[in-house]
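A.B. asks: Residues per chain are reported as follows:
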Amino acid sequence: MTGRRASLMVTCLGDLFFPDVGVSIVRVLRKLGVAVDVPTDQTCCGLPLFNSGYHAEAAAVARRTLALFRDSEHVVVPSGSCAWMVKHEYPGLLAGAGLAREAEHLAACTHELSQFLVRVLGARQFTSAVRGRITYHDSCHLLRGLHESESPRTLLGNLKGAELVPLPGADECCGFGGSFAVRLPEVSSQILAKKLANVEATGADCLVACDAGCLMQMGGGLTRKKSRVRALHLAELLDGDR
Amino acid sequence: MTTRAEFLGRIREQVRRAPARFPASTASRPRHPAAEAETIRRELAERWRETLDGFRREFEGVAGVFHRVVSVDRVPAVIEQIARERGARELVAWHAAALGVDLPAALGGHGLDVHQMPAAEPTGAGERERLRAIAARADLGLTGVDLAIAETGTLVLVSGSGRPRSTSLLPPCHITVFDRTALVESLRQVGVFLEAWHGDGAAPARGASINFITGPSRTADIELTLTRGVHGPKEVHAIFVEQGLGG
Amino acid sequence: MQDAFLQEALTIATTKFIGLRREAFAGFPEGEALRDQARAIKERTLQELDRHLETLIANVERLGGHVHYAATPAEARSIIVDIGRRAGARMAVKSKSMATEEIHLNEALEAAGITPVETDLGEYIIQLAHERPSHIIAPAIHKTKGQVAELFTRELKRPAEPDPEALTKIARGELREKFLQADLGITGANFAVAETGTIVLVTNEGNGRMVTSLPRVHVAVMGVEKVVPSMTDLMVFLAILAKSATGQKLSVYTSLVQGPRRGGELEGPEEFHLVLLDGGRIAQIDGPLREALSCLRCGACLNVCPVYRQIGGHAYGYTYPGPIGILLTAMMEGTAAVRDLAHASSLCGACADACPVRIDIPRMLIELRREVDDKKIARWPERLAFKLLAQLLARPGLYRLAVRAGRILQRPVATGGRIGRVPLVLGEWTRTRNLPPLAARTFQERWAQDKDLQA
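Residue numbers (my numbering), protein chains in the order written: chain H, 1 to 242; chain X, 243 to 489; chain A, 490 to 944.
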């Protein structure tokens, strides 16, 4: 239908903990006529190393990832933070290795999932895999790093079979922050508690986000509380036509 | 101890070594500020009514009390009314020359003790103390206004002889009198006047302090509860004279 | 964090400030352009900082003021105490100044027999309580009105009701006396206009005006980065500063102080002294924290920081709290001082969004973390863990091995599709949150093995 090709950058957290998300993305993209490939032996974009200040190590990982996706027409990432890393930090990080130009090229081809669907493919209508009320949390890197708050809401608002309700403080951090969650666990947990109080107050059945880190943090809190609210990735909701 | 040369030398060295983070410029200054200030005045003379409306709205928005009279001979009555409502007995005022109109004289009698600040330099420390004590005791302080900013509801007062700082600071109630010639629209325009006063133009006075006053003194330091009249005045009144102060 | 009142006060205060700031900028379409302009002015000024400071110094001296040069907090204290002694001062009234907090001035004044009196209501309260400020703009935010009333009753030896109006009135009376009696007035400076030799003070209470008009001697302490070239530049900052801090269009008093009193003036100091402070700033002109030199000390970043909002200012342990506080502490105390503080951030970026001059705080926090690692200031177990992680992520063979090992290790704790409590590092996570288990098959394994997925 569209004749496009996209490579899936599944992300370390996605690969290890949320493989269903990757499966849903493959299905959703195929239905839109996009040919999907998954370069072998992916590990990580390097963000966890970068954020903690291990830049030489992050550059080594980034270099590997750059090589894996060198020939991709589009790279789709189910994570705002990983997409941000590739688009914003790769060129600077890899300049020392003489790879700035390749990194710029990769940055230009890389898209977070909701951005790829809405802004590149123009696809907005999907059937929801989950019925009922849903609410959306803006993950920090997607919102402030990639300046994206509309595309996910467009997709969720148009979902057949689900009703999108606004989340108070949607733009407030969930408290994950990568290693922050284990370095300052009490602060991270208290920030999370505020977020979950907001989530439960919406009466939604399902909490949606575009970042595996946020989903681990918020989902982990919700299941610990035995909340009836489920935390799901955007891709899982869009994969409704089975 | 570090000398000036060492201190500045260190900065100079750092500045020379440091690359610019990005091409940047400072704000572009008026080339002939006095002339531009004149132009602003002329243009504002055409739209003083809108500017006054804007000023009133913002001034009242910061809890200023706005009064309007047609002519300058109506001003004493307003001031006396303010005094009566507060049981005020003593008023300290800028010198008539600074006010632009001899209000201190007009206010004499009617139960108000009026102390006009002298235009001449005080003769000694004793005189300074005496005058300061008057200002500290007074219930009302009466001043003019050099600029009234519509954008923010702000009164700009320049200090100098006959226009001491304490008049607008120590008494709990500050009253100002002004006319359309003080009105300006924006902070940007104020910038032009400040450039002019320090550059090729003439400042309203030669004192060492210029104060922007936006409403009465306030704080929210205790449980975020707003209270007024912390150190400065608890009330600020602005009396606008339609027909002007001069003449 | 333990203090429930502090928590609630922080939440209420920061939420209020956030709302006020948002409202102020919502009704101010020129605001975004002014922020860009303010950022540019700061950068340009830094590019010629020596020249602008020379102009400032020349003008201050032309107006009859004296300029002093303090490389360190110790030098600054010594200069100010010396000025006070020569003036025969017994008491100094102080207007709110983070710079004087930074150099720990009050203890030095006390030791020299000069009683420092804080006059900003919030600072007055914490001075009486022998505490340090917990927020840049609202220093006593952590105190209830009941606590303030008790404090006043105890320290001022007069009964005080727990009512903000009544307490403010008491403070007004007490401090009015001090203003009138003090020999020495000490302030900071929000800005200094080089072209005219003007110090600018932004306050709401009127104490800035008092301190710079009534005492015989006025000392202003100012970081070198506060200089702006002209009055036209100043207006750009005034247009956005109060809005960012409290949502006001302008603070109640913006005072332009230009040297000691002039001929014909009734009031004003006989002597004016400007103390220029380095304290680590100069080294950052060509340093990684250069951008932090643009800070206007408005507090907007504190109000939106999820960490600050949770732990409050004292928990940071240094003069300047919050996101910018971590950078300033590194600047003033060295990188080792922020070994842990540099990680007191989830890097959410709300601070950079709120900053009126668009300082990219998260980027510099990452730089600090990098310096902590490069200089081996970080603890070795942590460094080892990250080096191991780096190996895993750089070698797919090791990655796959780690996954297999992980699946075995998690068997005892992964029940019902989730991981509950575990010890060690992940124990920190699992005290309050579940963990998803490592998938039975990773996505890449499924992709390699499921023909229908590939087709």
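Just to be clear, a hint being listed does not mean it is correct.
Pairs of lysine-lysine residues, derived as DSBU-like cross-links and limited to a Cα-Cα distance of at most 35 Å, are as follows [unchecked claim]:
1) H/Lys-194 / H/Lys-226
2) A/Lys-505 / H/Lys-225
3) H/Lys-160 / A/Lys-940
4) X/Lys-476 / A/Lys-505
5) A/Lys-864 / A/Lys-876
6) A/Lys-634 / A/Lys-658
7) A/Lys-634 / H/Lys-194
8) H/Lys-194 / A/Lys-505
9) A/Lys-658 / X/Lys-476
10) X/Lys-476 / A/Lys-646
11) A/Lys-505 / H/Lys-226
12) A/Lys-940 / H/Lys-31
Simulated from the structure, these hints should not be mistaken for lab results.
A.B. asks: Are any of the numbered hints broken by this structure? If so, which, sorted upward?
C.D. replies: none
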